[in-house]
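Q: Chain residues, written in single-letter form:
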Amino acid sequence: MATGEFAAHAVHAHAAPTSWIRKYVFSLDHKVIGIQYFFLALTAVFVGMFLSLLMRIHLIWPAASLPLLGDIKPETYLTLLTMHGTIMVFFVLTTAPQGGFGNYFLPIQIGAPDMAFPVLNMLSFWVTALAFFVMIAAFFVVGGAPLHGWTGYPPLSALQAAGPGEGLGADLWVISIALFCLGALMSALNFITTTLDMRAKGMTLMRMPLTCWAWFITAILGLLAFGVLLSAGILLLLDRNAGTSFFVPLVTINGQLTGHKGGSPLLWQHLFWFFGHPEVYIAILPAMGLCSQLLSVFSRKPIFGYKAMVYAMLSIGFLGFMVWGHHMFMSGMSPYTAFAFSVMTMAIGVPSAIKTFNWLGTIWRGRIRFTSPMLFALGFVSLFISGGISGPFLAQPVLDIPLHDTYFVVGHFHLIMGVASIFGIFGATYYWFPKMFGRMMSESMARWHFFITLIGTYAIFMPMHYLGMAGHLRRYSQLTELNYLHGLVPLQTFMTYAAFITIAGQFIFLFNLFWSMKFGKKATDNPWEATTLEWTTATPPPHDNFGGHIPVVYNDPYEYSVPGAPRDFVMQTDPATVKAH
Amino acid sequence: MASITTTASVDTAQVLLAGKDRPSPESLDYAARLRRARLGLVVALTAVVMIFVSYSSAYVVRQGLPTLDPRTGTLVHDWLPLQLPNLLLINTFVLLISTVTMELARRQSAREAATAANASHAVSARPHADGMPWLALTTILGVSFLAGQWLVWRELAASGFYVSTSPSSSFFYLLTGMHGIHLLGGILALLAAGVSILRGSAESSGVMVDVTAWYWHFMTFLWVYILCLLEFAH
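Residue numbers (this note's numbering), protein chains in the order written: chain A, -12 to 568; chain B, 43 to 276.
Hints may contain errors.
What the hints assert, rightly or not - Here are the simulated lysine to aspartate or glutamate pairs, DMTMM-like style, with alpha carbons at most 25 Å apart:
(1) K188(A) x D71(B)
(2) K248(A) x D111(B)
(3) K248(A) x E273(B)
Simulated from the structure, these hints should not be mistaken for laboratory data. Given the structure is predicted, the values throughout are model-derived calculations rather than measurements.
Please take these sequences and the hints and turn them into a complete structure.
A: Here it is in structure tokens:
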């Protein structure tokens, strides 16, 4: 990485571009780049969702022939599962909240004209986009997409002959992940430098909106985690193509020795989960920050325990690096090691509970405005609790070992990492759409979207816990014919119907998004009566964000219903001598 | 590379944005730009450190792992000890010299940038290319180091150690290769710094040379670390 070259590019402003291609394609403007990330994630989420629907259809109608795929063989199902997981985790949950909204709003919320290194920012988006194209290309090569799961465990992922899709498809998968890591590292570099060095006068760290704290901490996690995944990916690529044995032990395929010996699949698991667990927080921390923001704005109350929220996020991030072993209880780990990982994992319950009670404290006796962003923030809290509560169950090896390979885990991580983060993304979209596109989104469509999605996702993922407790294994394409699972077929059918309805509901969102860009009600500069800096500037913000001046900050970010103030909110830039504390 | 073309317009953009009369808190004077660039570099190097931390732990773990010998059915070690070629010491010496020449270039350009920044905010008309010979020498030494590493690879291959021969040789090629790629990035940065000396203001090239130099020093340190790991970690 020629980092020095970019690092020296310390320009904090660039003249507004005039050509179409510099304005909308290879733009240096963090706002354009944020929107590009958003649409990349939007494309990815529909691809990922389509794959999940195919899986759900196959689970209840195993004999049905599917569009584009024909008959589903067990390995085809694994391909769907792998690509669904990979696309959703990397190109949706990591891309939209941080790359999309973080890019657009971090500089504005701290009062900066752009990111610290705009060229690097542009590059990080295009590398991520390239990674997505490479990932999608895996579908179309000989053998198709890989089937080793989003976690890519060797030896399955490391041997070309291990199955269809493990040839060129798997190579493309690893290359795509490596490119994604590069993009994520460049992005983290920008977020951290921008947050530390480009805050406006008066914007102390403890005056930053919690969204900025969340993006900042997420960037630190990304910086420390993606380098490890990148190095593991390079080792895997060498094992696959250069005959090395980092991860592959002595294995035979159809009685033939593969030529590898002595490598350790567990080494991959350690490296992967050292990245993989922080990745969970990379997906959800921005949603936590956003949820805090929305609950305060729409309860017209200051956030309950601002400092506690900041320290809770910091400790979640810190503990996130100590718990990777809880993904490996099944690996024959020493019980003492497992115990240590278990205790650390349950310790994360403490900062998580602090955040949850602070959210409840924030809306307690507030004058709540049930706008669409607020609904999604409340939905986030609900999902965070119901998805998080099974965390302490799984953190205990004695419970994890029987549950690990069942639907229980699928239900757990979909609720907390998947759907809760997605609710954060939806909340962010409804909240910031007026600032980004200058128009309001339709509230009535948003409400339909919210209730269908909330009830629908609960209907899909809650039953998975019962399936898991009944011993229904995950990852298998066809278990419905087994006697002991026969009684669960109606439940599976119910979940598939719920998936159909939920996915239909997402088209309401898609329609609302594009319809409102053109026909939505014109937005004022501050339609939600919020206090942070993005609402002080024009809608949409000018090229340099604040139209030639740089704001000066006098107040904390959540000054709502301040006694004695003329309005029920005090902008961060209001110089009025309101002493809130 | 796009950064090189835009650095020349930094000064104009800065004047445009800072407003006409009021010095904004974000006005990009030399010290502020240097601080931001150095901060970015520290963050970037953290990512590089994480990459080599993972490789180091993999190196130690893999070294201790036995494998099954299918003929005898016993566990054996497949880690063949690697005799490091002596040429590595010469390469190390070359890189250590280059870090000294790089530091001389950095000090020279820092002096010129500070003078220019103190004199006026206008683009300095005085030539500020005194650091150029040191920069060129560093580039040559850096390329020599990479060429030397290539020769080491050839020597190892000639003695029968290929990438897949033994985990010890796999790690040798991996660590030297990854370091080489990073150093190549440093050489590109050196070329970019050379261009900025010729075309940019003294402040711009001062910042550029400064971060390149710290990156270069880090690459030297990293190399010494890798060499110690390969030689002493058993």
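Q: Hinted pair, alpha-carbon criterion (25 Å max): K248(A), D111(B). Please report holds or violated.
A: Roughly 9 Å separates the two Cα atoms, so the pair holds.
Q: Tell me if the straight-line CA distance from K248(A) to E273(B) falls inside 25 Å.
A: 24 Å, holds
Q: Are K188(A) and D71(B) close enough, with their CA atoms no more than 25 Å apart?
A: 16 Å, holds
This entry satisfies every hint, going by the numbered hints stated previously.
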